[in-house]
Amino acid sequence: ASGLEMAAKQERMVAEERVLFKTTAKVIHDLRSPLDSLQIASECLSSKTFDNPQEKQAFDLLQMATQRLKDIAEELLTKKKKAETKIQFSIHKALADLLLELESKINSKELTVKKEFAPKDFTFWGDQTEFKRAINNILTNAVEAMNGRGILTIKTELTDNNGIIRITDTGGGMPAPILEKIMKGGFSYNKTNGNGIGMTVVREFVEKHNGKLNAQSDVGKGTLFEFQLPLDADQTNFPAT
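In my numbering, the protein residues as written are 2 to 242.
It is worth saying that the hints were derived from the structure and are not from the lab. In this text the structure is predicted, and so the values were computed from the model without any measurement. C-beta: ideal position from N, C-alpha, C; glycine also. One should not assume that every hint holds.
Calculated pairs, BS3-like style, for lysine-lysine (alpha carbon to alpha carbon, straight line, at most 25 Å) [unchecked claim]:
(1) Lys57 - Lys116
(2) Lys106 - Lys182
(3) Lys87 - Lys57
(4) Lys182 - Lys121
With beta-carbon atoms standing in for the labels, derived distance ranges [said to hold, decoys possible]:
(5) Leu63 - Arg167: 35 to 45 Å
(6) Arg13 - Val202: 54 to 64 Å
(7) Glu111 - Pro176: 22 to 32 Å
(8) Lys49 - Ala16: 43 to 53 Å
(9) Lys156 - Lys110: 20 to 30 Å
(10) Ala16 - Lys121: 45 to 55 Å
Required output: the full structure, derived from the provided sequences and hints.
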(Lines of atoms letter the chains of each structure in order from A and count residues from 1; the text may use other names and numbers.)
(Lines give C-alpha, C1' and ligand atoms only; values in the text may rest on other atoms or scores of the structure.)
Protein backbone atom coordinates (compact mmCIF):
# COMPACT_ATOMS: atom_id res chain seq x y z
CA ALA A 1 0.00 0.00 0.00
CA SER A 2 1.27 3.45 -0.87
CA GLY A 3 1.74 6.28 1.58
CA LEU A 4 -1.32 8.02 0.15
CA GLU A 5 -3.46 4.93 0.68
CA MET A 6 -2.26 4.63 4.28
CA ALA A 7 -2.97 8.31 4.93
CA ALA A 8 -6.45 8.00 3.40
CA LYS A 9 -7.20 4.95 5.56
CA GLN A 10 -6.02 6.75 8.68
CA GLU A 11 -8.17 9.76 7.82
CA ARG A 12 -11.23 7.54 7.38
CA MET A 13 -10.60 5.92 10.77
CA VAL A 14 -10.34 9.32 12.48
CA ALA A 15 -13.58 10.45 10.80
CA GLU A 16 -15.36 7.25 11.91
CA GLU A 17 -14.14 7.75 15.48
CA ARG A 18 -15.50 11.31 15.49
CA VAL A 19 -18.92 10.11 14.28
CA LEU A 20 -18.91 7.31 16.86
CA PHE A 21 -18.04 9.74 19.66
CA LYS A 22 -20.79 12.16 18.66
CA THR A 23 -23.33 9.33 18.48
CA THR A 24 -22.22 7.95 21.83
CA ALA A 25 -22.40 11.38 23.45
CA LYS A 26 -25.94 11.88 22.12
CA VAL A 27 -27.14 8.48 23.36
CA ILE A 28 -25.57 8.97 26.79
CA HIS A 29 -27.02 12.47 27.03
CA ASP A 30 -30.50 11.08 26.25
CA LEU A 31 -30.07 8.33 28.84
CA ARG A 32 -29.28 10.73 31.67
CA SER A 33 -32.91 11.82 32.13
CA PRO A 34 -34.42 8.34 32.63
CA LEU A 35 -31.43 7.41 34.80
CA ASP A 36 -32.11 10.43 37.00
CA SER A 37 -35.75 9.30 37.25
CA LEU A 38 -34.64 5.81 38.27
CA GLN A 39 -32.38 7.23 40.95
CA ILE A 40 -35.14 9.48 42.32
CA ALA A 41 -37.54 6.53 42.42
CA SER A 42 -35.02 4.35 44.26
CA GLU A 43 -34.29 7.13 46.75
CA CYS A 44 -38.04 7.41 47.47
CA LEU A 45 -38.11 3.69 48.24
CA SER A 46 -35.02 3.85 50.46
CA SER A 47 -37.16 4.72 53.53
CA LYS A 48 -39.37 1.65 53.01
CA THR A 49 -38.91 -1.32 55.34
CA PHE A 50 -38.69 -4.59 53.43
CA ASP A 51 -40.03 -7.64 55.28
CA ASN A 52 -39.25 -9.94 52.37
CA PRO A 53 -35.46 -10.53 51.94
CA GLN A 54 -35.91 -11.07 48.20
CA GLU A 55 -37.60 -7.68 47.84
CA LYS A 56 -34.76 -6.04 49.79
CA GLN A 57 -32.18 -7.74 47.55
CA ALA A 58 -34.06 -6.58 44.44
CA PHE A 59 -34.10 -3.02 45.79
CA ASP A 60 -30.36 -3.11 46.55
CA LEU A 61 -29.75 -4.36 43.02
CA LEU A 62 -31.84 -1.52 41.57
CA GLN A 63 -29.87 1.09 43.51
CA MET A 64 -26.49 -0.40 42.66
CA ALA A 65 -27.24 -0.91 38.94
CA THR A 66 -28.69 2.60 38.58
CA GLN A 67 -25.64 4.19 40.16
CA ARG A 68 -23.28 2.13 38.00
CA LEU A 69 -25.11 3.19 34.86
CA LYS A 70 -24.89 6.84 35.94
CA ASP A 71 -21.15 6.49 36.62
CA ILE A 72 -20.56 4.98 33.17
CA ALA A 73 -22.70 7.63 31.48
CA GLU A 74 -20.88 10.47 33.23
CA GLU A 75 -17.48 9.04 32.35
CA LEU A 76 -18.35 8.62 28.67
CA LEU A 77 -20.03 12.00 28.35
CA THR A 78 -17.63 14.22 30.25
CA LYS A 79 -14.41 12.30 29.45
CA LYS A 80 -12.98 13.14 32.87
CA LYS A 81 -9.25 13.31 33.29
CA LYS A 82 -7.45 10.35 34.79
CA ALA A 83 -6.67 12.07 38.08
CA GLU A 84 -10.28 13.16 38.57
CA THR A 85 -11.71 9.65 38.37
CA LYS A 86 -9.37 7.96 40.84
CA ILE A 87 -10.65 7.22 44.31
CA GLN A 88 -9.81 4.80 47.11
CA PHE A 89 -12.43 2.06 47.19
CA SER A 90 -13.08 -1.31 48.79
CA ILE A 91 -12.26 -4.25 46.53
CA HIS A 92 -14.61 -6.62 48.35
CA LYS A 93 -17.50 -4.15 48.25
CA ALA A 94 -16.99 -3.52 44.52
CA LEU A 95 -16.86 -7.27 43.82
CA ALA A 96 -19.94 -7.92 45.98
CA ASP A 97 -21.88 -5.30 43.98
CA LEU A 98 -20.91 -6.99 40.71
CA LEU A 99 -21.81 -10.46 42.01
CA LEU A 100 -25.21 -9.26 43.20
CA GLU A 101 -25.91 -7.99 39.70
CA LEU A 102 -24.50 -11.14 38.09
CA GLU A 103 -26.43 -13.59 40.28
CA SER A 104 -29.70 -11.81 39.48
CA LYS A 105 -29.18 -12.74 35.81
CA ILE A 106 -28.30 -16.41 36.40
CA ASN A 107 -31.38 -18.56 35.83
CA SER A 108 -29.79 -22.00 36.12
CA LYS A 109 -29.70 -23.82 39.47
CA GLU A 110 -26.79 -25.84 38.14
CA LEU A 111 -24.50 -22.80 38.05
CA THR A 112 -22.96 -21.85 41.39
CA VAL A 113 -21.10 -18.67 42.31
CA LYS A 114 -18.52 -19.10 45.08
CA LYS A 115 -16.88 -16.22 46.95
CA GLU A 116 -13.53 -16.94 48.58
CA PHE A 117 -12.60 -13.50 49.84
CA ALA A 118 -9.47 -12.86 51.90
CA PRO A 119 -10.13 -12.51 55.68
CA LYS A 120 -9.31 -8.81 55.43
CA ASP A 121 -10.70 -6.43 52.84
CA PHE A 122 -8.28 -4.16 50.99
CA THR A 123 -8.57 -0.86 49.19
CA PHE A 124 -7.40 0.19 45.76
CA TRP A 125 -6.63 3.67 44.50
CA GLY A 126 -8.01 3.83 40.98
CA ASP A 127 -10.98 4.32 38.70
CA GLN A 128 -13.81 2.29 40.27
CA THR A 129 -16.04 2.52 37.18
CA GLU A 130 -13.30 1.10 34.97
CA PHE A 131 -12.50 -1.57 37.58
CA LYS A 132 -16.11 -2.76 37.67
CA ARG A 133 -16.36 -2.73 33.88
CA ALA A 134 -13.18 -4.81 33.51
CA ILE A 135 -14.11 -7.37 36.17
CA ASN A 136 -17.68 -7.60 34.89
CA ASN A 137 -16.41 -8.44 31.40
CA ILE A 138 -14.47 -11.41 32.78
CA LEU A 139 -17.38 -12.55 34.98
CA THR A 140 -19.83 -12.36 32.08
CA ASN A 141 -17.52 -14.29 29.78
CA ALA A 142 -17.04 -16.96 32.45
CA VAL A 143 -20.79 -17.44 32.90
CA GLU A 144 -21.31 -17.66 29.13
CA ALA A 145 -18.50 -20.23 28.86
CA MET A 146 -20.26 -22.56 31.33
CA ASN A 147 -23.60 -22.61 29.48
CA GLY A 148 -25.68 -22.74 32.67
CA ARG A 149 -23.69 -25.44 34.45
CA GLY A 150 -20.58 -25.30 36.63
CA ILE A 151 -18.85 -23.31 39.34
CA LEU A 152 -17.67 -19.71 39.08
CA THR A 153 -15.16 -18.88 41.81
CA ILE A 154 -14.03 -15.39 42.76
CA LYS A 155 -11.06 -15.43 45.11
CA THR A 156 -9.10 -12.53 46.60
CA GLU A 157 -5.72 -12.50 48.27
CA LEU A 158 -3.67 -9.75 49.89
CA THR A 159 0.13 -9.83 49.51
CA ASP A 160 2.74 -7.32 50.65
CA ASN A 161 2.44 -5.20 47.52
CA ASN A 162 -0.53 -6.48 45.55
CA GLY A 163 -4.20 -7.26 45.76
CA ILE A 164 -4.92 -10.47 43.85
CA ILE A 165 -8.27 -11.28 42.24
CA ARG A 166 -8.71 -14.70 40.66
CA ILE A 167 -11.76 -15.55 38.59
CA THR A 168 -12.09 -19.24 37.70
CA ASP A 169 -14.78 -21.00 35.68
CA THR A 170 -15.38 -24.66 34.94
CA GLY A 171 -16.37 -24.09 31.32
CA GLY A 172 -15.00 -25.68 28.20
CA GLY A 173 -11.66 -23.87 28.29
CA MET A 174 -9.68 -23.05 25.18
CA PRO A 175 -6.41 -23.98 23.45
CA ALA A 176 -3.29 -21.91 24.22
CA PRO A 177 -3.16 -20.19 20.78
CA ILE A 178 -6.77 -19.02 21.20
CA LEU A 179 -6.13 -17.75 24.74
CA GLU A 180 -3.09 -15.83 23.50
CA LYS A 181 -5.19 -14.08 20.84
CA ILE A 182 -7.94 -13.26 23.34
CA MET A 183 -5.44 -11.77 25.80
CA LYS A 184 -4.32 -9.31 23.12
CA GLY A 185 -7.90 -8.05 22.69
CA GLY A 186 -10.03 -7.62 19.58
CA PHE A 187 -10.68 -11.37 19.28
CA SER A 188 -13.60 -13.45 20.57
CA TYR A 189 -14.07 -17.20 20.92
CA ASN A 190 -17.27 -19.26 20.74
CA LYS A 191 -19.49 -16.15 20.65
CA THR A 192 -22.07 -15.50 17.97
CA ASN A 193 -21.95 -11.72 18.36
CA GLY A 194 -18.52 -11.37 19.98
CA ASN A 195 -16.18 -8.60 18.90
CA GLY A 196 -13.33 -8.91 21.39
CA ILE A 197 -13.88 -5.43 22.81
CA GLY A 198 -14.37 -6.81 26.33
CA MET A 199 -10.80 -8.01 26.71
CA THR A 200 -9.48 -4.80 25.18
CA VAL A 201 -11.28 -2.90 27.98
CA VAL A 202 -9.78 -5.27 30.57
CA ARG A 203 -6.24 -4.79 29.24
CA GLU A 204 -6.63 -1.01 29.11
CA PHE A 205 -7.74 -0.95 32.76
CA VAL A 206 -4.84 -3.12 33.91
CA GLU A 207 -2.24 -1.15 31.95
CA LYS A 208 -3.63 2.21 33.07
CA HIS A 209 -3.36 1.16 36.72
CA ASN A 210 0.09 -0.47 36.41
CA GLY A 211 -1.29 -3.92 37.19
CA LYS A 212 -0.75 -7.34 35.68
CA LEU A 213 -3.16 -9.76 34.02
CA ASN A 214 -2.44 -13.47 33.82
CA ALA A 215 -4.57 -16.27 32.41
CA GLN A 216 -4.48 -20.00 31.91
CA SER A 217 -6.99 -22.34 30.33
CA ASP A 218 -7.37 -26.11 30.03
CA VAL A 219 -9.62 -27.51 27.32
CA GLY A 220 -12.51 -29.33 28.94
CA LYS A 221 -11.68 -28.02 32.42
CA GLY A 222 -12.04 -24.26 32.49
CA THR A 223 -10.26 -20.92 32.55
CA LEU A 224 -8.56 -18.75 35.17
CA PHE A 225 -7.99 -15.00 34.99
CA GLU A 226 -5.79 -13.37 37.61
CA PHE A 227 -5.57 -9.64 38.29
CA GLN A 228 -2.59 -8.30 40.22
CA LEU A 229 -3.24 -4.73 41.37
CA PRO A 230 -0.56 -2.62 43.09
CA LEU A 231 -1.82 -1.45 46.47
CA ASP A 232 -1.38 1.65 48.57
CA ALA A 233 0.97 1.27 51.49
CA ASP A 234 -1.82 2.00 53.99
CA GLN A 235 -4.24 -0.94 54.18
CA THR A 236 -5.19 -0.47 57.84
CA ASN A 237 -8.59 1.14 57.36
CA PHE A 238 -10.51 -2.09 56.77
CA PRO A 239 -11.02 -4.55 59.64
CA ALA A 240 -11.10 -8.32 59.25
CA THR A 241 -14.41 -9.59 57.84
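Restraint status (C-alpha distance of Lys182 to Lys121 at most 25 Å): 35 Å, violated
Confirm or reject the claim that Lys49 and Ala16 have a C-beta distance inside 43 to 53 Å. Distance hint for Lys49, Ala16 holds at roughly 51 Å.
For the pair we were handed, Lys57 and Lys116, check the Cα-Cα distance against 25 Å. 21 Å, holds
Does Lys182 lie within 25 Å of Lys106 when you go C-alpha to C-alpha? 28 Å, violated
Could you grab the alpha-carbon distance between Lys87 and Lys57 and see if it respects the 25 Å cut-off? 30 Å, violated
Quick one: are Arg13 and Val202 within 54 to 64 Å, going by C-beta? 24 Å, violated
Honestly, do Glu111 and Pro176 meet the 22 to 32 Å range at C-beta? Hint holds: Cβ distance 26 Å, inside 22 to 32 Å.
Is 35 to 45 Å right for how far apart the beta carbons of Leu63 and Arg167 are? 29 Å, violated
Status of the given 20 to 30 Å range, CB of Lys110 versus CB of Lys156: 23 Å Cβ-Cβ, so the 20 to 30 Å window holds.
CB-CB spacing for Lys121 and Ala16 relative to the 45 to 55 Å hint: 51 Å, holds
When the structure is compared with the earlier hints, violations turn up for hints 2, 3, 4, 5, 6 and for no others.
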